[in-house]
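The whole structure should be built from the sequences, with the hints applied where relevant.
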Amino acid sequence: MRFKKQICALLTVFMLAVPLISCGDGDKVAYPLPDTEAKDTVQTEPPRETTDDGTFTHLIKSGRKYYRVIYPEGAGKELTDAVESLKNTVTVLTGQELVVRSDAEDAGDGREILIGRTDREDSKNAIGELKFLTFCVRVTDTNIVILGSNDRMTALGVEWFIDNCIERNFNNIGEGYWRIASDTEYVSSEASYLPENFVNAEDTYVLEETGTVNVPCRAENGILRGSCTDGRYYYCAFEVNENGDCVIYKVDLESGEILQTGEEIPGLRAVDMTYDTSRSKIVAVDYSKGRSGVSVIDPESLTRIAEYDVGENISAIAYLKESNSFLALNEDKTALLSLSPVFKLKSREPFDATGGCGFDTDSSFIYLCVSDGDLRAVRIYSCDGDFINEIALDGPVSAPRSLIAVGAELLLGYDTYFRGADIYEFFIKVSEKSS
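The number in the numbering used here is simply the position in the sequence shown, starting from 1, with 30 added.
In silico BS3-like cross-links for lysine-lysine, where the CA-CA straight-line distance does not exceed 30 Å:
#1 K374 to K311
#2 K311 to K161
#3 K161 to K374
#4 K280 to K363
Quick caveat, the hints were computed from the structure, so don't treat them as lab data.
Please read these numbers as outputs of a predicted model, since none were measured by experiment.
Written out as structure tokens, the structure is:
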């Protein structure tokens, strides 16, 4: 990119100045940004201009700043690094320093560049429209929203904003001058974080914990069973009585807050669940009087709306988006079953899922969480069932019960029994090789 080298050199200097504050073990780590004088904020209507190329809104003109930057209180390092990168880029190119505040410090009056899951309505509206591993950048009537399905994707959104709305638009930037197209609206395609050489056995893969959500359970004897997500909500089933009947909870993915609690579903043990994106429905493995099939659950009412007999007892299920079909494990986890969109058995292949307790696929790989004696690991297979790699799970999950895979992001559910469940988010990455 034309100005990338010069800018990166300057940004490196700025980035080294970001202070880090760490808390005790188990506490959330916050990475506050340096304070900027609030008096620099201008809260008047920014000027607009219409040219042959369209209508533009000025963020900075004649040295006056019409927008401040807002990020979520308690944001982690990945997000605050992205905010600082944006701030420093604007400073380098325009000579003006943007005001940066957390959403807890600022009341929300005036125009704002909202980065991440802030408490502003424009951010909340955008969250509901995002799929996993995507981000959006949009100009609203009063704000600019940069939001990803997680902090990693938000950081990519900021990078896209810098590349496309600042640097590549350099002719619209000068000393004390910066404008943006008023109709800017961009939503990324689903990203993949898996390395291209993922199948290379010479590489060492590790799981990096990136977040934890606690899901409180209201049932006195609730035990975590299966779980799935639609990208907006986390759906988890808790066994709530001696018959093994389950209740399904709809949970906020970010906070862990229970938003909705379903009724007990007789005969639904829900040892595994997946989300059918083609029909916007939850599919749960259903034990009923010794017969195993699947139940289709309405995510709005959290009730069972259909039952299917698979023709063979199954213990786990995952959705294949590309073919609109399902993969399943048989009852003793020795066979991989291919199911049609209406759960008819299509094929059966040998498969070793010994110790498996969580199962999912992202249409590229099969992920199996293993809890077998002292072994805690995530095994990775091709969609044909061929073993590729095993990643040791050293902690914090001691006995995971569910697994959701989205690209290289894994959500592992660990039952804390009478307190509820902890949902750990991991990211698969290649570890650095020692020299």
